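Take a look at the letters that make up each chain.
There are 6 protein chains.
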Amino acid sequence: MRPSKRAPDELRPVSLERGVARYAEGSCLVKFGNTHVLCTASLEDKPPIWLRGQGRGWITAEYGMLPRATHTRTRRESTSGKPSGRTQEIQRLIGRALRSVVDLPKLGERQISIDCDVIQADGGTRTASITGAWIALHDCLKWMRSKSIVKDDPMKDHVAAVSCGVFKGTPVLDLDYDEDSAAETDANFVITGKGGLVEVQGTAEGAPFSEEELLAMLRLSRLGVARLIDMQKDAIA
Amino acid sequence: MRPSKRAPDELRPVSLERGVARYAEGSCLVKFGNTHVLCTASLEDKPPIWLRGQGRGWITAEYGMLPRATHTRTRRESTSGKPSGRTQEIQRLIGRALRSVVDLPKLGERQISIDCDVIQADGGTRTASITGAWIALHDCLKWMRSKSIVKDDPMKDHVAAVSCGVFKGTPVLDLDYDEDSAAETDANFVITGKGGLVEVQGTAEGAPFSEEELLAMLRLSRLGVARLIDMQKDAIA
Amino acid sequence: MRPSKRAPDELRPVSLERGVARYAEGSCLVKFGNTHVLCTASLEDKPPIWLRGQGRGWITAEYGMLPRATHTRTRRESTSGKPSGRTQEIQRLIGRALRSVVDLPKLGERQISIDCDVIQADGGTRTASITGAWIALHDCLKWMRSKSIVKDDPMKDHVAAVSCGVFKGTPVLDLDYDEDSAAETDANFVITGKGGLVEVQGTAEGAPFSEEELLAMLRLSRLGVARLIDMQKDAIA
Amino acid sequence: MRPSKRAPDELRPVSLERGVARYAEGSCLVKFGNTHVLCTASLEDKPPIWLRGQGRGWITAEYGMLPRATHTRTRRESTSGKPSGRTQEIQRLIGRALRSVVDLPKLGERQISIDCDVIQADGGTRTASITGAWIALHDCLKWMRSKSIVKDDPMKDHVAAVSCGVFKGTPVLDLDYDEDSAAETDANFVITGKGGLVEVQGTAEGAPFSEEELLAMLRLSRLGVARLIDMQKDAIA
Amino acid sequence: MRPSKRAPDELRPVSLERGVARYAEGSCLVKFGNTHVLCTASLEDKPPIWLRGQGRGWITAEYGMLPRATHTRTRRESTSGKPSGRTQEIQRLIGRALRSVVDLPKLGERQISIDCDVIQADGGTRTASITGAWIALHDCLKWMRSKSIVKDDPMKDHVAAVSCGVFKGTPVLDLDYDEDSAAETDANFVITGKGGLVEVQGTAEGAPFSEEELLAMLRLSRLGVARLIDMQKDAIA
Amino acid sequence: MRPSKRAPDELRPVSLERGVARYAEGSCLVKFGNTHVLCTASLEDKPPIWLRGQGRGWITAEYGMLPRATHTRTRRESTSGKPSGRTQEIQRLIGRALRSVVDLPKLGERQISIDCDVIQADGGTRTASITGAWIALHDCLKWMRSKSIVKDDPMKDHVAAVSCGVFKGTPVLDLDYDEDSAAETDANFVITGKGGLVEVQGTAEGAPFSEEELLAMLRLSRLGVARLIDMQKDAIA
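Residue numbers (my numbering), protein chains in the order written: chain B, 1 to 237; chain S, 1 to 237; chain X, 1 to 237; chain W, 1 to 237; chain L, 1 to 237; chain V, 1 to 237.
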């Protein structure tokens with residue numbers, strides 16, 4: 001039995017609360033159990049110079065963690081002088097995930113900045129970020145259409161993400177911090193509403209894993225993402 | 001009449017919510033109207049080297065703002081490479097304010113780190129931070145006594161802070177962002193439960209101000225801080 | 001009796017020497033006792049981009065300290081990679097103080113950079129800087145008028161600054177380093193020629209201070225600034 | 001047909017040249033076609049403080065690229081002030097890959113630093129790095145045994161890596177730069193001598209990919225890694 | 001007798017291998033004994049802004065060292081955040097040396113970047129860099145003429161460099177690392193094909209040196225540079 | 001005739017004022033014409049860790065320039081984030097020059113920091129710095145002997161420096177800024193009281209220079225340094 005007492009294919013309680021940031025064009029507070037991430041989408045007034053003449057827009061993402069989101073306090077990245085390698089890896093992942101479901105030419109030469117700030121961290125912050133950021137982006141695009149900034153909806157599909165792991169030989173869904181620390185293998189899956197794979201990242205923490213384990217985790221993640229996308233649909237309804 | 005329609009001596013609706021951060025030894029979500037700050041107090045396991053042999057403890061503070069706490073998105077400080085001058089000024093202010101009401105030798109050679117992270121900003125983030133951080137610090141000290149880490153209560157008094165300004169010639173209390181932008185003079189007051197002054201910072205934004213205006217703002221701030229301290233007392237009751 | 005043997009309302013010997021920097025448009029070596037600051041005013045050939053189209057000018061200030069201005073050698077800020085929080089706080093203070101007495105639209109879209117470099121430090125470096133920088137700025141503006149770069153004099157008033165403190169219960173004027181270290185309270189006042197307050201910054205170093213102490217320090221500072229402004233008038237005569 | 005005219009399951013010409021760095025404890029110049037990486041393994045005389053008392057060793061990796069390894073010159077990272085996110089991501093990947101086949105307690109409290117410097121870049125620099133770094137690490141461990149620094153061989157298995165992609169709908173092995181730029185999907189696989197998966201990283205560059213494509217790429221990568229490991233065996237024979 | 005057993009006026013075995021970098025406009029792998037430097041010359045597509053309107057071109061140089069080029073591993077400069085003082089000093093030297101033999105107006109408003117990356121270091125890396133970089137620059141200019149980017153040959157002369165030292169009282173040519181560590185005096189000479197001096201840098205490592213020693217080293221360096229320039233001529237023939 | 005109207009072998013008016021910094025163990029304000037440098041010598045209370053167990057001391061040097069020491073304002077190095085290459089080159093030169101005349105073992109395991117801050121710059125700041133820093137160091141060592149921190153005098157000899165150049169074909173001594181800008185060749189010489197050469201740095205600014213020119217400059221510099229050392233002797237008499 002897993003530490004959280006959940007069934008192998010059971011997600012933590014998930015909530016997606018829209019419109020939580022008064023000034024942002026789109027926002028969502030996403031909770032995967034005790035992992036809480038505030039996601040905002042900001043239409044930038046000054047898109048970057050390199051976008052000019054490209055005939056398309058861009059979605060970029062930044063990720064941060066409050067110093068005491070974690071069990072013991074983490075050093076603030078503004079103090080250490082630069083985002084860590086881990087932070088940059090997650091930022092790039094969130095950006096790629098969202099861009100995979102947006103028709104960038106329909107955005108025009110505009111940039112939307114996604115900020116995912118972890119208020120509380122109990123494992124799975126990157127997958128919660130992607131799942132919540134989709135809502136923030138959706139609402140930003142909706143606002144842009146309401147202001148006639150874009151005409152057609154640039155959003156092509158849903159996208160959500162979930163982690164899986166192999167815990168004491170059993171593939172399990174949506175690891176919390178304790179499970180993640182104890183898992184032999186850790187994988188993240190980013191999957192679209194139509195079931196297409198956007199990112200598959202599997203890492204052995206110790207012993208290598210087998211093809212069967214990879215496939216079992218992929219099956220679990222499909223189940224999990226399908227449920228998350230249903231919740232996204234409910235949230236924006 | 002002031003932009004917010006409030007009376008000159010009227011605070012914004014204030015709330016102080018304790019215990020909002022699952023892992024921190026003390027925490028408080030403070031709201032001054034639309035200004036929301038998450039304050040945590042963390043007992044550091046590794047106090048800084050310079051504390052050794054001092055026979056006393058230390059309280060330090062860090063301050064941050066989520067990129068989209070503001071009307072238009074602000075650049076993340078971890079990206080710009082260092083905390084801005086404004087950030088450092090506020091950090092030092094919060095630290096000094098809290099240390100003024102703590103008996104540092106009673107802490108022992110330990111450091112408590114206060115983090116004030118602005119979730120939403122509508123003026124007065126530094127005064128809200130001090131007011132909420134006192135609660136977080138109080139709860140951290142309470143937790144330390146419950147664990148017998150300290151014996152006597154190191155907390156000597158309450159401390160809270162509020163801003164004042166002169167708006168179209170009238171001294172007013174607790175400026176929001178619109179009022180702050182339009183005020184001729186802007187002042188911050190940090191005051192203890194016994195009425196002692198810890199910090200007085202008045203700045204002319206344009207024309208200089210008079211001694212009478214300084215004194216009128218000081219009177220208003222005494223009223224405001226007294227109410228804030230009453231709310232602190234209710235919160236910890 | 002105070003450590004310096006001075007009367008409570010007695011300034012240190014002050015001198016203001018003009019024209020000390022061969023290449024600067026304006027300069028002043030200011031001495032408050034053993035505190036010596038070299039102030040220069042430089043008309044920048046390339047004003048910052050953001051000034052364009054504003055229809056007004058800007059005064060900015062930078063502050064530095066030679067490594068051995070102090071009793072023990074201080075680390076050079078170019079080595080530590082960035083100006084400290086204290087340096088940035090002082091820079092912002094000097095800039096605000098000078099801008100409060102300059103008619104910025106009369107400057108045109110030009111920037112004047114003030115540099116205050118502490119050659120020797122014995123307390124009160126920020127107040128000496130403001131007092132001396134006014135002379136440097138005055139001479140820079142005079143030079144600009146002589147070259148017909150500006151037509152009307154943008155300088156509206158004098159401005160000077162002085163510190164006060166409460167030492168063993170007695171309010172005293174113009175603290176030197178030893179007095180500053182021993183004072184219970186430390187305050188800086190920036191005041192114009194017409195007596196308007198530009199900045200009031202009072203900080204308790206330990207026990208809070210009372211309203212009476214604040215007012216007593218304000219009275220002392222008015223006396224001190226009036227004398228400093230008389231010396232500025234003599235210097236430019 | 002793919003741009004390189006190779007068959008879908010055909011590697012580029014691979015070579016592994018040992019002992020190329022006069023001073024390093026182990027080294028290998030690896031070539032995957034026009035991609036050339038110089039890998040060295042250095043036994044550090046001063047292991048990091050955090051290793052003390054852990055009862056085990058550590059393998060860390062750094063990755064760099066000469067400015068003109070690429071078609072157009074790339075900015076030197078020492079000039080831009082910090083390793084890029086991409087560089088850090090690759091460094092972490094190389095380190096994890098090698099640690100997965102080393103018995104860290106057998107190393108003792110020692111650190112081996114792997115440096116992978118790209119002399120020429122034509123796609124697949126991270127997979128070539130891992131494949132060549134294994135040789136450098138092998139030779140460093142051999143040297144350590146010859147000096148009786150370690151007794152038992154800490155190396156548990158081979159590890160190598162290869163990229164795959166989907167090019168015009170066909171899964172292909174070992175992408176060069178032109179193929180990588182044109183591929184719809186890009187995946188990297190790190191696999192051990194016994195066939196265990198250490199890392200699986202698949203990324204859609206545009207349209208999502210299917211489970212079938214993932215599995216086809218996994219099959220190709222198994223073929224490719226098996227051949228690379230045969231070459232490693234020849235090299236160390 | 002010197003540690004390397006060479007005669008006082010004997011160079012180490014030197015080789016100059018052209019065209020070693022597939023993508024660079026010019027390149028040379030230069031070896032002075034066990035010192036190996038890869039030199040490339042890159043025609044920049046975007047010359048720096050300050051070149052515009054100057055009516056002439058520029059040659060700039062960067063220098064780096066692979067972490068394990070040295071006997072014990074050296075920290076990577078991208079990790080330490082900035083090029084060291086030594087690195088910058090060498091970069092400026094290489095740039096000046098090459099510019100002294102190029103007719104910059106004939107280049108047009110273009111910049112060529114020279115990169116000298118030390119693959120293996122056994123003393124004399126800066127002198128080997130200059131000697132090899134001349135070949136890389138020569139080939140880059142030849143390529144530019146073949147593409148009609150420049151019409152007349154901007155190269156005016158050869159330039160090469162060599163070190164000398166005083167070892168146990170005897171002036172010797174082309175120090176390797178062991179000799180450099182033991183020498184009382186260390187000097188570098190950059191000399192053109194026509195025998196003009198471009199740089200003379202002599203430094204006492206301990207006791208000062210005499211004019212006679214300086215002149216003896218200058219005589220040796222003329223011999224050495226003449227031989228290096230003959231090898232440059234052979235290489236480009 | 002040279003721009004300054006001086007004879008080819010004529011120094012600018014030189015002055016060496018001792019004891020100008022109240023807190024430093026040794027100090028000197030050196031003027032070479034309009035070039036003014038404040039030099040201080042500070043005995044560090046905490047010598048660097050690497051000195052421990054070496055059985056000898058160390059002299060280190062830092063160099064800075066006030067922003068408006070120059071004709072047009074220069075950016076402050078604390079703002080640009082790091083000392084420039086030029087600054088680091090000069091710092092290393094000053095340190096080496098002084099160490100060449102100090103018996104480091106006699107210092108004990110102590111470090112003296114030299115700070116050379118240019119108050120006004122008109123060419124030759126590095127040579128003035130070395131000449132003045134010798135006085136500051138001398139007085140610091142004298143103070144250390146008076147406090148019995150060292151027993152024997154660690155100072156072995158005088159050292160001073162001067163620049164030379166070739167201006168319109170004529171070798172001239174001690175270039176000011178205008179002459180330096182116009183000179184074809186620029187050289188700095190650091191020479192001891194006994195006439196030993198510590199550093200010789202000659203650089204062609206354009207056309208290479210000849211051996212005859214180098215020797216003529218060396219002769220001039222010997223004359224100049226002899227006079228500077230006479231002034232050092234007068235200053236400490």
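Don't read these hints as lab results, they were simulated from the structure.
It is possible that some hints are incorrect.
Under the rule of at most 25 Å between Cα atoms (straight-line distance), these lysine-lysine pairs were calculated in the PhoX-like manner [stated by the list, open to error]:
#1 X/K82 x W/K82
#2 X/K156 x B/K82
#3 X/K46 x S/K156
#4 L/K156 x W/K82
#5 L/K156 x V/K168
#6 S/K168 x X/K82
#7 B/K82 x L/K82
#8 L/K46 x W/K31
Beta-carbon label-pair distances, calculated as ranges [to be verified]:
#9 V/K46 x X/R86: 18 to 28 Å
#10 X/P105 x S/S210: 16 to 26 Å
#11 L/D45 x V/R22: 22 to 32 Å
#12 B/R52 x S/I149: 53 to 63 Å
#13 S/I149 x B/R22: 13 to 23 Å
#14 X/R86 x S/K142: 53 to 63 Å
#15 V/K46 x W/E44: 20 to 30 Å
Predicted model, so just to flag it, every value in this text is computed and none were measured.
Yeah, the Cβ is synthetic: ideal placement off N, Cα and C, and Gly gets one too.
How the hints compare with the structure:
no.: 1; hint: X/K82 x W/K82; result: holds, 16 Å
no.: 2; hint: X/K156 x B/K82; result: violated, 44 Å
no.: 3; hint: X/K46 x S/K156; result: violated, 54 Å
no.: 4; hint: L/K156 x W/K82; result: violated, 38 Å
no.: 5; hint: L/K156 x V/K168; result: holds, 22 Å
no.: 6; hint: S/K168 x X/K82; result: violated, 39 Å
no.: 7; hint: B/K82 x L/K82; result: holds, 14 Å
no.: 8; hint: L/K46 x W/K31; result: violated, 31 Å
no.: 9; hint: V/K46 x X/R86: 18 to 28 Å; result: holds, 21 Å
no.: 10; hint: X/P105 x S/S210: 16 to 26 Å; result: holds, 25 Å
no.: 11; hint: L/D45 x V/R22: 22 to 32 Å; result: violated, 56 Å
no.: 12; hint: B/R52 x S/I149: 53 to 63 Å; result: holds, 58 Å
no.: 13; hint: S/I149 x B/R22: 13 to 23 Å; result: violated, 39 Å
no.: 14; hint: X/R86 x S/K142: 53 to 63 Å; result: violated, 33 Å
no.: 15; hint: V/K46 x W/E44: 20 to 30 Å; result: holds, 27 Å
The earlier numbered hints that this structure contradicts are 2, 3, 4, 6, 8, 11, 13, 14.
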